[in-house]
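Sequence order for the protein chains is A and B.
Per our numbering, residue 1 is the first one in the first sequence, and the count goes up by one each step.
Per our numbering, residue 1 is the first one in the second sequence, and the count goes up by one each step.
In short, the hints are calculated from the structure, not lab data.
All C-beta atoms, glycine included, are put in the ideal place defined by N, C-alpha and C.
Check each hint, because a few of them may be wrong.
Here are some chain B residues pointing at chain A (derived, C-beta under 8 Å) [said to hold, decoys possible]:
no., residue
1, Val23
2, Arg38
3, Pro41
4, Ala77
5, Ala85
6, Glu223
Beyond 10 Å from chain A on every Cβ pair, some chain B residues (computed) [to be verified]:
no., residue
7, Thr12
8, Gly25
9, Leu29
10, Glu120
11, Tyr138
12, Gln149
13, Asp152
14, Glu174
15, Leu212
Below, a sample of chain B positions facing chain A; criterion: calculated Cβ distance under 8 Å [to be verified]:
no., residue
16, Thr34
17, Ser36
18, Gly50
19, Phe69
20, Thr70
21, Arg73
22, Ile74
23, Val76
24, Thr78
25, Ala81
26, Tyr84
27, Trp86
28, Pro211
29, Ala230
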Amino acid sequence: MEVKQGASAAKGPGALVLGIETSCDETAAAVVRDGKEILSNVISSQVDLHRIYGGVVPEIASRKHIELIMPVIDLALKEAGVSPGELDAIAVTYGPGLVGALLVGLSAAKAMALALGCPLVGINHIEGHIYANFLEYPEVDPPLVCLTVSGGHTDLLYIDEYGRYDILGRTRDDAAGEAFDKIARVMGLDYPGGPEIARAAEDGDPEAIDFPRGLLQADTYDFSFSGLKTAAINYIHNLRQRGEELPVADIAASLQEAVVDVLVTKTLAAAEAYGVKTIFLSGGVAANERLRSRLRELAGVQGIRVYYPSKVLCTDNAAMIACAGYYRYRRGERSSWDLNAVPNLRLGDN
Amino acid sequence: MRILAIDTATTTGSVALIDGEKVAGEYLLNIRATHSERLLPALIRILEDGGWSGSDIEGIAVATGPGSFTGLRIGVATAKALAYAWEKPLIGITVLEGLAFQVGFAAEWVCSMVDARHREVYGRLYRINDLPEAVGDYWAGPVDEFLQQVLDAASGPICFCGDGAIAYWDTILEAAGERAVRPASNSMELRASSIALLGRQRLLAGESDDPLTLAPMYLRLSEAERKLRARCSAGCR
Ligand SMILES: [Zn+2]
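Pulled out of the complex, with its shape left as it was, chain B reads as follows (with noise of 0.2 Å):
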């Protein structure tokens, strides 16, 4: 099965093309540019470099999120009208499960985090059971209160991974001492391949989303929401 896979969630923007198992072609770039200039060319880059064209595609993977709301509309407009123009079927995968599939070979335990800025993460902890199983619910919060759940419930090593692991590695290292795992600075960041791979397992399941109707996952509400329900609480109307 060919899949095309997309991640534009942080600054880090990645597509990918895999034949099987197989990665035939992945570009990345972490640079400046926004997602909306670099991936279009991006995309058509990789299609030719790699001599693939829409009729080769069987699938098209997307990072859902968590991540920068504007990114992960972004990635999830794009694949969506690629998925409804080409017909072909749609997967979304997390981000998280993303970063968890690409160091599962690091430890039995992995804690990918997204970072949400002003000290808090979007974050989840997963074991490793050939594929990420995950362990409890979507954090989006302070990461100290993130990494203690997370101690609590893990045992042994624990791989912390995703930009939120990089920005907060100091606050990592004192709560976690000597279980913290870090992995290669390669795998730090989420690679659209790895969103391509679980893709494809998801499809050779028979799952699938709808091309019209798969939304980005923000695990939070925006501000003015955030307000709005805070004054309602404080009891308005």
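Only chain A is shown next, with the shape it has when bound in the complex (with noise of 0.2 Å):
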């Protein structure tokens, strides 16, 4: 369908996106120049509101979606020092995530993007995790493997040129960062999980408990962790019917090793299977240090390079978005109008 305002050319140097992200907690928008160069990102976090459920709620987090997408988005223009008009490209969360919450910033999108006459790219969120490394080390380019966790996914890749995804595993049952959630909670920590158990971690004792490592010997690049879950949660249970104090800090310790052992162990093989000499990692749980250092460590034996993002760009944020955007709008992708949001989008259905 033809836009009657505007027009879509390129208005100065280099492609000006806007990013919008809001597929779960946290209402982003983020202008990016050229794929590379990030003008603002500015991330408005939920968390602290969805504390006292202790986990997200999806109404809860709509509704402030809707009080914080605009004043976001403002922000984002005025930080980047770009006006409305300026802008090349407009790039959106559509899934996967919350539907009610996708669909505040896929609105607004939108019908940013019919009143300012420029395109509109939808984008898959784990694509958005993957482009966040693109965004900061644009000088690296395909074939790689990449390994992207969080608390809604964990799958690996192999990505052999932009924008196409061969998947070569992902988890059968709990996504890596929900099992952290889980049994954090069980644990009586705070909400999110997965970085209360690496703070715990950090004084704790890794081999102090021998927890699964599920399908780490068997002939597949697929992941489980519930055999993991089940265990934790069976563990703590036993110490406090015997009225035993938690060895908190060991037990996080114990489940963070298990967790990146799997993950490391089986990202090298794909690597060493594909033969690439670049690995990506990304997803929320990218942030943990330990996943970090154990897998730069292991991957350096073999020459290998690791790459992953600064801490801001591995949370949900709408710079990775605007970054994968900008590829997509670069070879010529749009998205129609009637672009829905997609709660279990997958990657390679778009």
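Both chains are sitting in their own frames, so use the hints and assemble them into the complex.
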């Protein structure tokens, strides 16, 4: 469909993409030039709002998004010193995520694109996490193997060129971050659980408890964390029943070690099998120090370089969405105006 | 004054263009497809068919609620972003007032009702004095209790409208008997032109809403908040 207002030709040096991200409990907008220069990256987190519920409440998240979406977009444009009319494209997350939350960002993005007469590019949130690496290391090119881990997903991918994903393996049950969150809750740690476990693990012995490493020996790149979750929860219940004090630090360290062990082993095996010299780590769990250092250490021995985004780009943000959007925009890809939110969108579906 | 209006509060979704008091265009769909899929195509279609571009529009009006929480957010997010990018004034109008305006010729009293399911409604009573004037507060709760309040507050015939009136018409007849006036079926549900015309009145009166902060009118807490409050009033922390 043709849009009457505005022109969609590039308006100045470098393409300016506005990214919008509302898939979970972060309202985010960012302006990125040419997929690599972050002019602004505004993230408004609702984490405090959901803490009393012990997790993200979809309706509360959606209500917060509709309050914050325009102030966040406005701030991103102002911080970037860019007026709406200068934008070349609008990139927005349309899945996976909470449907009501996604719809707020998607609706605002579509209306902005219509009003400004510029293209709309729908982005898969997981693809966004991967592009957080291209954003920070624009000199790095595929082919590469990417491990992307968060509260919602655990995927191991082979990327032979921009925008093409071979899914080598994914979790068969819980995502890694999800297992952390659930166990942290049983241990009585704060929400969100991942960072709390990492903090508690700092003073613990990673070999104190031998937790199961799901599918470690199996001939597959798939993951499974439900066995680990059950074992950890049983271990905690048993100690409590006996009236013993929980060795919180040791449990956290051993738990983290079991997860890191599996993630690192499978990722290195994939890199070797596909003969790549580059590994990307992405997603919220990519902020985990133990995972970062173990992977870098073991990959280094094999002459493989490991890249991971700075912490702010590991969390949900819109700069990574703008970056992924830039590459799709440059390839001439456009989303249609009837684009809908897809809560369980998978990589490769778009 | 040329105004673009949007309604996505219930399963009916519509967009309208008005030029002064004249309805220049109105596009309404009552189908299964989500508002997310059909709102932007509808907007593009009506702007193209009407030969309007963004620079022709002098104001944007949107139905703020009550209604489907998700539907409201789609409409409000769209209207806010359009107003922001086009730099045009924005005005939010409630679904209940829009409905009352739409059937204002049918009776002196109008009771607007939006279906909240499980025999509950969002509603409000209006007295028509050229424009609808609200009598009493917004209601969110059991339809029977609301009808009793409305029958006590109003005198003579009352026109009932909205998808709540469609859903609970038998109950209305039982409670109101001959006082119940039913509008024609194409006036029963909200049309965006009613939102546009009321929006025009407000904008002419110098009122407008902030495109950064306008929020839907839910009339109800989220379920999680309701449960938390119930637990707390039962004595927690
Ligand atoms: Zn994420």
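Now for the hints, and whether the structure bears them out:
1. Among the interface hints, the one on Val23(B) is violated; its C-beta lies about 21 Å from the nearest C-beta in chain A, farther than the 8 Å criterion.
2. Annotation: interface hint on Arg38(B) holds; nearest CB of chain A at approximately 7 Å, less than 8 Å.
3. The closest approach between the C-beta of Pro41(B) and any C-beta of chain A is roughly 5 Å, which is under the 8 Å cut-off, so the hint is satisfied.
4. For Ala77(B), the suggested interface contact is upheld, since its CB lies about 4 Å from the closest CB of chain A, less than 8 Å.
5. The interface hint given for Ala85(B) is met, as the beta carbon of that residue sits about 4 Å from the closest beta carbon of chain A, less than 8 Å.
6. Annotation: Glu223(B) was flagged as interfacial toward chain A, and the flag holds, the nearest CB pair being 7 Å apart, inside 8 Å.
7. With 10 Å as the threshold on Cβ separation, the claim that Thr12(B) sits away from chain A holds: the shortest Cβ distance comes to roughly 18 Å.
8. Chain A leaves Gly25(B) outside its interface by the beta-carbon criterion, the shortest separation being 15 Å against a cut-off of 10 Å.
9. Separation of Leu29(B) from chain A is adequate, the least Cβ-Cβ distance of about 12 Å exceeding the 10 Å criterion.
10. Look at Glu120(B): its CB is around 17 Å from the nearest CB on chain A, clear of 10 Å, so calling it non-interface holds up.
11. Under the 10 Å C-beta cut-off, the non-interface status given to Tyr138(B) relative to chain A holds; the minimum distance is some 18 Å.
12. With 10 Å as the threshold on Cβ separation, the claim that Gln149(B) sits away from chain A holds: the shortest Cβ distance comes to roughly 28 Å.
13. Taking the minimum C-beta to C-beta distance to chain A, about 34 Å, the non-interface status of Asp152(B) holds against the 10 Å cut.
14. At roughly 33 Å from the closest C-beta of chain A, the C-beta of Glu174(B) stays outside 10 Å, upholding its exclusion from the interface.
15. For Leu212(B), the condition that its CB be more than 10 Å from all CB atoms of chain A is violated, with the nearest at approximately 5 Å.
16. For Thr34(B), the interface hint holds, since its Cβ comes within 8 Å of a Cβ in chain A; the closest pair sits about 6 Å apart.
17. Of the supplied interface hints, the one on Ser36(B) holds, with its beta-carbon coming within about 5 Å of a beta-carbon of chain A, less than 8 Å.
18. Because the beta carbon of Gly50(B) sits about 11 Å from the nearest beta carbon in chain A, more than 8 Å, this interface hint is broken.
19. This hint holds: Phe69(B) has a C-beta 7 Å from the nearest C-beta of chain A, less than the 8 Å allowed.
20. The closest approach between the C-beta of Thr70(B) and any C-beta of chain A is roughly 5 Å, which is under the 8 Å cut-off, so the hint is satisfied.
21. Interface hint at Arg73(B): satisfied, since its Cβ lies 5 Å from the closest Cβ of chain A, which is below the 8 Å cut-off.
22. For Ile74(B), the interface hint holds, since its Cβ comes within 8 Å of a Cβ in chain A; the closest pair sits about 5 Å apart.
23. For Val76(B), the interface hint holds, since its Cβ comes within 8 Å of a Cβ in chain A; the closest pair sits about 6 Å apart.
24. A cut of 8 Å between beta carbons decides the hint on Thr78(B): the least distance to chain A is about 4 Å, and the hint holds.
25. Given the 8 Å rule on beta carbons, the hint for Ala81(B) holds: about 4 Å separates it from the nearest Cβ of chain A.
26. Interface restraint check for Tyr84(B): the shortest CB-CB distance to chain A comes to about 6 Å, inside 8 Å, so the restraint holds.
27. Checking Trp86(B) against chain A: minimum C-beta separation of about 5 Å stays under 8 Å; hint holds.
28. About 6 Å separates the beta-carbon of Pro211(B) from the nearest beta-carbon of chain A, less than 8 Å, and the hint is met.
29. The criterion of a C-beta within 8 Å of any C-beta in chain A is not met by Ala230(B), whose closest approach is roughly 14 Å, and the hint is violated.
Violated hints, in rising order: 1, 15, 18 and 29; the structure is consistent with all others.
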